[in-house]
Every structure is written in C-alpha cells, then in structure tokens.
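Colleague: Take the sequences, apply the hints, and build the full model.
Those protein sequence lines, which keep their order, are chains D and V. Be aware that the first sequence starts at 1, since it is given in the numbering used here, and climbs by one per residue. Be aware that the second sequence starts at 1, since it is given in the numbering used here, and climbs by one per residue.
By construction, these hints were calculated from the structure, which means they are not laboratory data. All values reported here derive from a predicted model rather than from experimental measurement. It cannot be assumed that every hint is accurate.
Copies of the same chain look alike in the list, so a pair counts if it works inside one copy or between any two.
Within a straight-line C-alpha distance of at most 27 angstroms, the following computed DSSO-like cross-link-like pairs (lysine-lysine) qualify [as the list claims (entries may be wrong)]: (1) LYS73 to LYS155; (2) LYS189 to LYS124; (3) LYS127 to LYS47; (4) LYS199 to LYS106; (5) LYS155 to LYS77; (6) LYS193 to LYS124; (7) LYS47 to LYS193; (8) LYS193 to LYS74; (9) LYS47 to LYS189; (10) LYS155 to LYS74; (11) LYS124 to LYS106; (12) LYS35 to LYS74; (13) LYS125 to LYS47; (14) LYS127 to LYS106; (15) LYS199 to LYS73; (16) LYS127 to LYS73; (17) LYS125 to LYS106; (18) LYS199 to LYS125.
2 protein chains.
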Amino acid sequence: MMRWIRFSQNGNTYYGILNGEQIQRVQGTPFDSYKVEQIFIDLADVKIEIPVLPRTFYCAGLNYSEHVLDVAKKQGKDPNLPTRAEIGYRANNALIAHNEAVLIPKDATEKIHYEGELVVVIGKKAKYLNRENALSCVLGYTIGNDVSERSWQAKDRTFWRSKNSDTFKPMGPWIDTIFDLSNAQTTVKVNGKLTTSYKTSNMMFDVPAFIESITRYITLWPGDVIWMGTDGASPNIASGDVVEIEISGLGTLRNPFIREGGDLS
Amino acid sequence: MMRWIRFSQNGNTYYGILNGEQIQRVQGTPFDSYKVEQIFIDLADVKIEIPVLPRTFYCAGLNYSEHVLDVAKKQGKDPNLPTRAEIGYRANNALIAHNEAVLIPKDATEKIHYEGELVVVIGKKAKYLNRENALSCVLGYTIGNDVSERSWQAKDRTFWRSKNSDTFKPMGPWIDTIFDLSNAQTTVKVNGKLTTSYKTSNMMFDVPAFIESITRYITLWPGDVIWMGTDGASPNIASGDVVEIEISGLGTLRNPFIREGGDLS
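Modeller: Here you go:
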C-alpha cells in the first residue's frame, strides 16, 4: 500500500509518500518516473495540494439510483436513470485542495449541495480495455466533492457555473493505491453531524464498466481522474459550514464553505 | 504581429515564432516567459504540434443561428437558440494537430461532420472581466475543427463520444496574436471543393461576451482555449476525405479523415 500526497512547502510543490503523519519526499511524480529521497517532512508542516491537475477531468454524473431520484424530485422533473455508462466532464478551474474554502458566488441561491464521490486516478495510458483488465490503468483512489448550485443546474443549458464555478470541486486529500471498494462506506458530515451515508460500491455502473466504456473511443492518460458519482441527498450548505467527506480507507476530505462578499447569514 | 508555432523535431517539442516559412525557436512558452534563440528552422523540416494543451477546453457550442437551425432540422428536433452566453466543454484527449488524421471509429455511422471554428487562446489569468477589458487576457487566435458524430450526438446523454472520441478535435496550425475578426471569413473545403463559407464574426455572442460571462464565475488560465462555434452545415465526411478550414489571416487547418479498420468505402 502506498499513499501519495502532493504538497507545497516554501513555494515549491512536490509529491511524497505519506506514512502516518510523515511525508517522504520524491523527485518526479507517480505518473512517470520518480526517485524516493531521504527527506522526511511532518504532514503538519506542509500545505496539501490537489493530488493531480488532470489532463481530462471525467465524471460519471448520475451513477447511484437514490441520488437520481432525489435530484429529479427536487427539480420537479421525471427521473431519467442512465441505461449505459456514459461519461461526462468537469473543469480544472474548479479544483481546490483539502482544507481550502469553497467560495459560494454572491448571486448563488441557498441551494448549494455537496456530493461526496469516489475518484479514480489513472496512472497509465490506456485504450480498448475490457472488464477484466480495466483496473490495470488505475494508479489509485481519492475523494471528490462535486459541489452544485441546484437552481443553475436546473435552468442553464450546461453545467458551466452550477458545477464548475471556481472552487466547486474539492479533491483529495491524497491518493491511495490500495482500496477495498467492496467494503467501503462514504459518509458526509456537516459541522461534525452526519448527514449522508451510503455504500460506496452501490453504483449503477462500476469502475471497470466506465473504463471499458470510455476506452472504446477515448484514450485515458496518466493523471486523468474519473469521479464516480454520489448517492443520497445533501442539505443546503450555508456560509460558515464545514463539509467532511470520508471514504473508508481513503481518509477525509474537509472543506469550509464561505459566501463571497462575506455574507455569513 | 506574431505567429506562434508549437512543433517537434528529433523527439523534442518547442515553441517558435514563424516568419513566412522559417521558425525562430524560443526557450519557454508564450504563456509564461520565453527567450528568443538564434536558431532558425525551416517549417518544412518540423512536425507541427497542437498549439497548446489547454488546462481547460471551453467551447461555445451553439453560437451561429443558421447552424443551430440546421442541426435541429437534421435531428428532427425543435431548434433551441441560446439566449445567454453559456459555455460548454470539450476533452483534451481528442486534440490532434494540423495534418494529423481524424480516425472515424469503426462503429460510427456515416454522419461524420466537420465544424470549422475560431479558437481564442488565453494568455493571462483572468477573472471578473467586462466587455471593455475582456480581450486583455487573450494571447491570440487559431482554428478548430469540432468533428461530430451526429447519431451519437442525438441519442447519448452527453457528448462524450459524439464530440470527444480520440482525434475528433483538430486544432491549429498555429496562434496569431493579431487578427481582424470583423473582416474574417471562415471557409471549408472537402477534397479541395468549397462546402461551407460564413462570416466568422456572425456570432450570436461574441468573444468579449463569452469572456465576460465565463469570468464572472470562472478563472481563465494561460493556455485555456475557447472554441467559438460554427455556422452552416457540413456534408457527411467519408474515409479518405481531406477537410481544410481556412480563417482569413489565420492560415488553414488541414486534416485527412480515415475510418478505423481500413474501410475506405
């Protein structure tokens, strides 16, 4: 098992291997070649950065049935359950790291929701994979929060601001190369209080299904990420709230939410 | 006026400044700092590469009214003209350079269409721009071909394979820092025969409108690209066809199309 962390210290950004609370720095990255250095740093002394800036940022979107039904109901629309593993996209501008603040735009409504998601991090260039060898291109797993403004999501032609406004895509805190999906639970807490809990593996289309589907037409590249969707519902998140998403074995992604303009109502 | 070219030679990739048929190599990139070198290379001796691998790949989608009406008609749907400048996304995996081949997937229908588009290349980090200062973040302009498989576009939940299959996004050949949009014409030829011609400036929402709209919520970064949409209609493009898109002052983006599996019918 290896836990990859990307961090900055004194203005420089590095990858390292995290053991407990200690980072061993490396030269290079987990996506090409790297050399482990004899430099050890306390986790408390660094700023955690997003684990990777993806070349392409994929997301499954609707991939847990309870969530699809909930969103449709709140939008007054008929639910439209996917019948195939068709991938979607998010935008790199929106990525922020563990502990960084989600900034709610001034003119957003109160319908700001979290979506706690498993994130697959691609480690090797891959095309034409099948169910059996799909996971051979995976480096590891991390956690994402697919923050959404539901009123914009319902009325805009695209997800450009509802899901891709700056800071709307917290990702981290790190990448674990070993992960037991079959026993994992995704739990979300708001200000320390449990608000959502679901079995991470309860997907309509699993990781091999998406990788098989994508790579029939699309080359996956090292550093690409695939966000696997979310289950359940989110309460409205207000300025001052702190959202923590835990997935068993992957740690906890924590981010405060602050409304721009300083309105803490 | 400066014409930036990205090219490779002997396995290395560089930026250079193109004067006529001669490249002057630079150290660095036009997106951060660079130093002009006293190294001159003939354009004929290099492989042209995509002018930039964007951090985020934006596209306007529907932005010329004639095209919107044509696509709707061919899909048997009611046209839905945008009322606001709402941006969409494409995927980096699909980018290819000038002269590289668009590979039509084996199971694609015959409805393979080109879309010749003006591409805006961002040079500076920008947020909260308005109509008046919007163009201050622009490095220059190039050409894009938003290749589409219309049967998939009509029936899939997202544009993942209809518009983002590998090789479906030719971009280039280079970046011009000076461009007279008001007098520009976009012309497309298939196998040397004119098939589409439209006034490039005939957009529903112009470049400042999109930059103002995007940067209200989203930070534009150096290297981001915005594809501005297309007008008119495309014939079906078959294996063996060559598509050339010219925009006045920006050169010609040329790409052969080949069906995977070698079916040249």
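Colleague: Find the hints from earlier in the document that the structure breaks and name them by number, from lowest to highest.
Modeller: 2, 4, 6, 12, 16 and 18
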